[in-house]
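Chemist: Here are the chains, one letter per residue:
There are 2 protein chains.
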Amino acid sequence: MSTDYRPMWSELGLDLEAHDVLLGVLGPLYAQTFTHQPNRPASMKYFDFVMSEVHGLRIQELVEAKRAGRKVVGAFCTFVPEELVLALDGILVGLCAGAEFATAAAEQYLPRNTCALIKGAFGFALARVCPYLSASDVIVGENTCDGKKKSYEIFKDLVPELYVLDLPQMKGPEGRALLRAAFVKFGAYLEDLTGKKLTVEALQRGIALVNAKRSAMHRLARLRAADPAPISGLDGLLMNQIYFYDDPVRFTASVHAVCDELEQRIARQEGVVPPGTPRILISGCPMAVPNWKLPAIIEKLGAVIVGEESCVGDRGTQVLTAATGHTVDELLDAIVDRYLAIDCAIFTPNESRVEHVLSMARSLGAQGVIHYGLLFCSPYQIEAGPVEKRLEREGLPTLRIDTDYGQEDVGQIQVRVEAFVERLRG
Amino acid sequence: MSTDYRPMWSELGLDLEAHDVLLGVLGPLYAQTFTHQPNRPASMKYFDFVMSEVHGLRIQELVEAKRAGRKVVGAFCTFVPEELVLALDGILVGLCAGAEFATAAAEQYLPRNTCALIKGAFGFALARVCPYLSASDVIVGENTCDGKKKSYEIFKDLVPELYVLDLPQMKGPEGRALLRAAFVKFGAYLEDLTGKKLTVEALQRGIALVNAKRSAMHRLARLRAADPAPISGLDGLLMNQIYFYDDPVRFTASVHAVCDELEQRIARQEGVVPPGTPRILISGCPMAVPNWKLPAIIEKLGAVIVGEESCVGDRGTQVLTAATGHTVDELLDAIVDRYLAIDCAIFTPNESRVEHVLSMARSLGAQGVIHYGLLFCSPYQIEAGPVEKRLEREGLPTLRIDTDYGQEDVGQIQVRVEAFVERLRG
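Residue numbers (our numbering), protein chains in the order written: chain A, 1 to 426; chain B, 1001 to 1426.
Far from chain B by the CB rule (all over 10 Å, computed), these chain A residues: (1) Leu23; (2) Ser52; (3) Asp89; (4) Gly365.
Pairs of lysine to any residue, SDA-like flavour, derived with a Cα cap of 25 Å: (5) A/Lys185 x B/Pro1349; (6) A/Lys389 x B/Arg1112; (7) A/Lys71 x A/Glu161; (8) B/Lys1171 x A/Val184; (9) B/Lys1389 x A/Ala104; (10) B/Lys1156 x A/Arg393; (11) A/Lys213 x A/Glu191; (12) A/Lys196 x A/Tyr163; (13) B/Lys1156 x A/Glu355; (14) A/Lys156 x B/Ala1341; (15) A/Lys300 x A/Ile266; (16) A/Lys389 x A/His356; (17) A/Lys389 x A/Leu424; (18) A/Lys156 x B/Ser1352; (19) B/Lys1171 x A/Val159; (20) A/Lys171 x B/Pro1349; (21) B/Lys1156 x A/Glu388.
Covered by chain B, according to a simulated footprint, are these stretches of chain A (three or more residues, beta-carbon under 8 Å): (22) 161-174; (23) 378-392.
Since the hints were derived computationally from the structure, they do not count as laboratory data.
Yeah, the Cβ is synthetic: ideal placement off N, Cα and C, and Gly gets one too.
Chain A extracted, bound-state conformation (with noise of 0.2 Å):
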């Protein structure tokens, strides 16, 4: 970062020491695992001046786009609905939980077999290093797991405004009117701290906005089906993180700028990998940054990742939401059944989930899937069951990885993973 953004973190309420701390890992952890990757293409220097800038030229965008009267909303959970955000013409960030940090703190508050995710929140908050959750007018928690819906009533003491949205645990129609009437109270929440309406034109200009960006990622998902590879999983991985924090309009254009390029890529047969290399699917639970602990094990064992089953990743932007309304109330229909269409693990029977993993293994010719459990997360890793079981039954080995934030069983995980890799090369 070149420009010294110390008094506005000063401002934010950001514990400088501390947050100095924080980046002195970041960055070179930034470094070590992005910069060096071979043949990266060039449009990824965008992301990279991103994450350099994350905490830096974005905040400032935030405090500038407040003091214009706009309002940040953070959210940890991609069942936020950001239309109704974007409608309002307020900002949706996503806020930071990908890595450990005082941990001891937030063991304070929470039991120690909580969700690497959850500690990760909560450390942030209570050490005062994370400019997204001190630039929000609101936290936007969710009652998905029992980790969050509970932990959520501690941490609104944290906070100065957390606004829970509830949700419905079948999809069945009450479960669907659970879920409308949340997202009514919430658009009516929005509008009374906005001062806003949600119009039939505001709500157009909301779905549109998601939809672009969604559909830039559809864009890059489908040329990450080439082979040879033309952008790491480490890259993917990264532009679907940053999906969370960006300008989306800039975000989106930057997206389709890096597809541009790897369309030129393929039509060279060129790529980040020879032809030929094992091709991966990570399926699971959400990986928030800089939690790249995984990825970069599979990667810098010859392998690529081609596709994330994840919230953050396909899972997250699966499905457009239908902008055909003409009304406010079919629009909220459009964005209620767009979000409810979410195989989230937390739905039970969540059977589409698992159809979700076989297609998006079979159009990017991945031969096996390595399914990401976060240690204390039971819906994922009690769904990893089943899921496991019907992807071998389907021919497509599996490997389970259940982890968190630490390193010390990163060596571990290599042996594991190098043994997949070779199954997938026999």
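Given chain A, put chain B in place with the hints provided.
Modeler: For chain B alone, coordinates are given in the frame of chain A:
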């Protein structure tokens, strides 16, 4: 057991050898935990008898009831509305989940970090040692916690018939509508199963039967407020456990018989412990038969447990169903309202629970609370933090014990409980 039940067990499909192993552990464990307690009420003999015949005579009764055309509904949770089952002349029974059995087999289906209760249920089913499961015409699951919700997706392939009841996560109007729809659907399912109709008379009969059982438990709970305590916590828990297994009419009469005896004891100022013995309230996760680990430790160390804020305890029995409705719809509304009032940690927020703990502690004269969390039970383990803080703020010493069904931590728990009891004496 005097009769040879082996032909019956065999017909029910039990694994006789494994079942012998189970009974060989259960019998002595019961004897050593219960029968040597000093100054036990004579009327507890009935419950000793029930426990000695819990896999014998009671199962024979179920088999005979089935032959007479009645249906047996097995359940794991206090959210399954017994009123509906009884209204249709069915029998609701709790299923085995209170002990470790065939854990290695269960862990082939479930992540290791799954709570002992769920693993126990899988172990009993896989090892074919739970005659209640075998005798059930249908097993009813419910979307309470992540662990149960997701593991029922796997459990359904291990049992002949599983019905899953959907539940809300919040108690607002949409949550209530969802619960009502779930109960109406379950009622229709039970009508199909039994070939009977949910009429006003049938529902009133069902409500009256369950309310009578609950009222008997309320009477017992009130009598446990006396000092010296007229009955041990272990025996109080035992009655709360047998609540889920026994014939409701006979059970109700037997609880009243104990209460009659306790009233005489109280009049004579006679107790199971000396006056002034430290009095403890247990709060938290349910303890299913034969999970007597923590209460046995507490009472062996010279304290007495005066109440259980638990699903197997006051949380499960505390609210009566209003029987004032004159139509099926009105009676269903009353049933829905009764179950929605349960202050289980699956709800968010769940503020009434800590009020209930406080009110129980005060009315029972408890000097301290031991919060019991099953390891990996996120809802109760996370809620334990705020509950403990609030109780301590109200001057009620609180000890958090998180454990499972294993014996490895008994020594450590003893040390902590001993220090806590000393604190209460101080």
